[in-house]
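Letter by letter, the chains look like this.
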Amino acid sequence: MTAVTLSPADLTTERSPFLQFVGDVWVLTKRSLARIRREPETLSNVTIQPVMFILMFAYVFGGAIGIPGGGNYHAYLVGGMLGMSLAQTAPGTAVAVVSDMETGLIDRFRSLPMSRAAVLTARTIADLLTQGIGAAVTALVGLAIGWRIDNGVGHAVEAFALALLFGYAFTWAGVCLGMVLRSAEAAQQTGFIIFLPLTFISSAFVPTQGMPGWLQPVAEWNPMSSLAAACRELFGNPNPAAAVHAWPAQHPELAVVCWSVGMLVVFAPLAVHLYRTKAR
Amino acid sequence: MSDTAAIEAEGLVKHYGETKALNGLDLTVARGTVYGLLGPNGAGKTTAVRVLATLLRPDGGRARVLGHDVTSQATAVRRVIGLTGQYAALDEYLTGRSNLVMIGELSRLTAKAARRRADELLEQFDLTDAAGRAVKTYSGGMRRRLDLAASLIGHPAVLFLDEPTTGLDPSARALMWDIVRQLVADGTTLLLTTQYLDEADQLADRIAVIDGGKVIAEGTPTELKASMGGQRLLITLAEGSDASAAAAALRPFTTASIIPNEGDRLIEAPVTATDGLATEVVRALDEAGVKVNDIAVRSASLDDVFLTITGHKAEEDAAENAAEKEKQEVQA
Numbered sequence: 001m002t003a004v005t006l007s008p009a010d011l012t013t014e015r016s017p018f019l020q021f022v023g024d025v026w027v028l029t030k031r032s033l034a035r036i037r038r039e040p041e042t043l044s045n046v047t048i049q050p051v052m053f054i055l056m057f058a059y060v061f062g063g064a065i066g067i068p069g070g071g072n073y074h075a076y077l078v079g080g081m082l083g084m085s086l087a088q089t090a091p092g093t094a095v096a097v098v099s100d101m102e103t104g105l106i107d108r109f110r111s112l113p114m115s116r117a118a119v120l121t122a123r124t125i126a127d128l129l130t131q132g133i134g135a136a137v138t139a140l141v142g143l144a145i146g147w148r149i150d151n152g153v154g155h156a157v158e159a160f161a162l163a164l165l166f167g168y169a170f171t172w173a174g175v176c177l178g179m180v181l182r183s184a185e186a187a188q189q190t191g192f193i194i195f196l197p198l199t200f201i202s203s204a205f206v207p208t209q210g211m212p213g214w215l216q217p218v219a220e221w222n223p224m225s226s227l228a229a230a231c232r233e234l235f236g237n238p239n240p241a242a243a244v245h246a247w248p249a250q251h252p253e254l255a256v257v258c259w260s261v262g263m264l265v266v267f268a269p270l271a272v273h274l275y276r277t278k279a280r
Numbered sequence: 001m002s003d004t005a006a007i008e009a010e011g012l013v014k015h016y017g018e019t020k021a022l023n024g025l026d027l028t029v030a031r032g033t034v035y036g037l038l039g040p041n042g043a044g045k046t047t048a049v050r051v052l053a054t055l056l057r058p059d060g061g062r063a064r065v066l067g068h069d070v071t072s073q074a075t076a077v078r079r080v081i082g083l084t085g086q087y088a089a090l091d092e093y094l095t096g097r098s099n100l101v102m103i104g105e106l107s108r109l110t111a112k113a114a115r116r117r118a119d120e121l122l123e124q125f126d127l128t129d130a131a132g133r134a135v136k137t138y139s140g141g142m143r144r145r146l147d148l149a150a151s152l153i154g155h156p157a158v159l160f161l162d163e164p165t166t167g168l169d170p171s172a173r174a175l176m177w178d179i180v181r182q183l184v185a186d187g188t189t190l191l192l193t194t195q196y197l198d199e200a201d202q203l204a205d206r207i208a209v210i211d212g213g214k215v216i217a218e219g220t221p222t223e224l225k226a227s228m229g230g231q232r233l234l235i236t237l238a239e240g241s242d243a244s245a246a247a248a249a250l251r252p253f254t255t256a257s258i259i260p261n262e263g264d265r266l267i268e269a270p271v272t273a274t275d276g277l278a279t280e281v282v283r284a285l286d287e288a289g290v291k292v293n294d295i296a297v298r299s300a301s302l303d304d305v306f307l308t309i310t311g312h313k314a315e316e317d318a319a320e321n322a323a324e325k326e327k328q329e330v331q332a
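Going down the list, the protein sequences come from chains P and U. When the letters of the first sequence are read in order and numbered with my numbering, they come out as residues 1 to 280. When the letters of the second sequence are read in order and numbered with my numbering, they come out as residues 1 to 332.
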């Protein structure tokens with residue numbers, strides 16, 4: 001076997017901790033993207049699924065859903081779909097984290113002199129990139145069924161930025177879920193159980209005005225409703241939530257920022273804490 | 001620094017709820033040696049490795065790797081160790097080469113050095129042809145080799161191998177043994193856990209037998225075998241012979257109690273070998289009216305050591321081991 005062939009010039013130990021962190025995140029983000037390149041079908045949740053949902057809601061349920069104050073359901077739908085397309089990647093994040101735990105890869109990372117926060121940060125960055133694809137697909141299908149940006153490009157960019165911030169916060173929730181669950185199946189199922197009511201008990205697909213009185217506050221305070229309302233307002237689409245008196249419905253952009261920052265502040269440190277202490 | 005032991009553990013304790021996985025484990029591994037951790041199911045072998053490799057924080061005691069404390073100087077420890085667990089810790093979807101380059105870069109190598117080391121290791125481990133294929137297409141033996149290569153990419157001075165050949169076919173196992181021997185020739189210190197006694201016998205300079213989370217016997221393979229009385233006497237009695245009469249007649253020759261088995265026709269006992277021992281044994285048995293079909297004197301094996309110390313056979317534990325591991329992880 002070869003003798004020691006490493007010289008100090010081959011090592012990056014002299015770099016600052018921040019540069020080491022950035023380097024580790026870059027290496028691991030490339031890893032996640034390489035998987036997508038090898039198996040593009042893993043992107044179906046941000047490509048095929050949004051298309052399916054938009055077409056189903058637009059052409060199956062859409063005709064039966066009335067919008068208070070009038071307006072085109074297809075134009076209404078896209079704001080809600082955007083939240084769904086992005087947030088629904090969180091269970092996938094959880095599954096990826098659980099798989100890395102199960103295969104022992106995370107144990108190997110833990111035994112390396114690498115940055116502690118890099119593994120999870122890289123995961124969320126790779127997932128943010130796939131969420132970008134999800135947002136683009138949603139917008140393109142939206143355009144195809146008649147949705148339009150009616151309030152200027154600047155506001156539209158703001159809407160997409162809010163949606164991605166929101167999606168990124170959900171990714172960290174997904175990481176936490178992955179850290180506490182023990183199998184990919186459990187992560188998938190738990191993700192589904194959390195995600196489905198979160199999406200449907202909101203104004204993402206139907207206005208809250210039609211819901212029973214006791215359910216309306218739940219839907220009005222649901223972060224999904226805030227994102228849907230914020231996007232509709234910024235895109236200039238029909239936004240029946242404007243007529244709702246609840247605070248998040250009146251200030252949807254601010255509500256989205258509060259929800260997202262709140263989730264990030266809770267879930268990102270929690271995820272890193274779990275990563276450090278799990279099995280310790 | 002050079003006279004510090006590679007690995008020192010003092011009174012390591014680790015609980016999982018009510019279970020004491022480690023219960024005061026002491027260990028000293030000299031630099032450049034191979035140390036074997038041998039023990040039954042749930043003895044604490046894997047837990048010990050995980051503590052020493054900074055993956056688990058012990059509840060008590062302390063441990064140092066090349067002088068660095070595993071809890072307070074974990075990063076320093078991580079710079080000098082390599083770890084190969086029982087399951088290949090690789091990204092299934094990346095190629096073999098990409099896996100090595102990734103682990104290399106995360107081991108603080110520059111991208112260029114990581115690529116160079118990856119190619120060197122692929123060559124050494126006979127994986128160059130498969131380097132561009134996704135790991136999920138690899139055989140079990142190839143995965144293990146790649147996994148071991150990954151743990152070597154940063155040139156660790158201390159390497160932990162947790163059951164490196166479990167589940168491998170004999171030829172893949174022989175190849176792993178060769179690799180391990182080469183590593184030691186390079187001066188790497190190796191801590192190896194195994195359920196295979198012959199593996200410990202073949203590879204380890206010293207062996208610690210652990211049970212119930214602590215070391216219950218320690219020494220070179222030769223010392224351990226010698227402590228068992230050195231030789232074993234194996235006698236097959238003729239059909240219908242009186243085994244208890246035979247045992248009574250043998251008592252003056254044996255150094256420990258007699259273990260009869262297989263319908264009491266096969267008698268096995270530790271003895272101290274002397275010239276003419278077999279002749280005297282046969283004469284004594286003849287005088288007791290016991291007919292002998294076969295007699296042999298052989299050296300004690302590590303199997304005998306294991307059986308005597310722990311009170312059970314190694315193979316029985318091997319079967320339950322995987323299930324126990326899983327349980328431990330769940331508890332963790």
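Calculated from the structure, these hints are not laboratory results. Be careful, since some hints might not be right.
As the list claims (entries may be wrong) - Anything over 12 Å on all C-beta distances counts as not near chain U; from chain P, calculated: (1) Leu6; (2) Gln20; (3) Leu28; (4) Gly104; (5) Met114; (6) Val119; (7) Ala156; (8) Phe160; (9) Gln209.
Unchecked claim - Derived lysine-lysine pairs resembling DSS-like cross-links, with alpha carbons at most 30 Å apart: (10) Lys30(P) <-> Lys112(U); (11) Lys225(U) <-> Lys278(P); (12) Lys30(P) <-> Lys278(P); (13) Lys112(U) <-> Lys278(P); (14) Lys136(U) <-> Lys112(U); (15) Lys225(U) <-> Lys30(P); (16) Lys225(U) <-> Lys20(U).
We put the CB at the ideal spot given by N, CA and C, even for glycine.
**Report entry** Nearest-CB test (12 Å) between chain U and Gln20(P)
**Finding:** Label violated. Min Cβ-Cβ 7 Å, cutoff 12 Å.
**Report entry** Given hint Lys30(P) paired with Lys225(U) - CA-CA distance at most 30 Å
**Finding:** violated, 52 Å
Requested in this report: For the pair supplied as a hint, Lys30(P) and Lys112(U), confirm whether the alpha-carbon distance does not exceed 30 Å.
Outcome: holds, 16 Å
Query raised in the report: Within a Cα-Cα threshold of 30 Å, do Lys225(U) and Lys278(P) meet the stated pairing?
Result: With a Cα-Cα distance of about 40 Å, the restraint between Lys225(U) and Lys278(P) is violated, given a limit of 30 Å.
Requested in this report: Please work out if Lys136(U) and Lys112(U) have their alpha carbons no farther apart than 30 Å.
Outcome: holds, 26 Å
Requested in this report: Over 12 Å to the closest beta carbon of chain U is the bar; see if Leu6(P) clears it.
Outcome: Non-interface label on Leu6(P) violated, nearest chain U Cβ at 5 Å vs cutoff 12 Å.
Query raised in the report: Are all C-beta atoms of chain U more than 12 Å from that of Gln209(P)?
Result: holds, 47 Å
Query raised in the report: Is the nearest Cβ of chain U still more than 12 Å from the Cβ of Val119(P)?
Result: violated, 9 Å
**Report entry** Closest CB of chain U to the CB of Leu28(P) still more than 12 Å away
**Finding:** Nearest chain U Cβ is 8 Å from Leu28(P), so the label is violated.
Query - Non-interface claim for Gly104(P) versus chain U (Cβ beyond 12 Å) - result: violated, 4 Å
Query - Hinted pair Lys30(P) and Lys278(P), Cα distance within 30 Å - result: Holds, at about 25 Å.
Query raised in the report: Lys112(U) and Lys278(P): Cα distance at most 30 Å?
Result: violated, 33 Å
Violated hints, listed in ascending order, are 1, 2, 3, 4, 5, 6, 11, 13, 15; each of the other numbered hints is respected by the structure.
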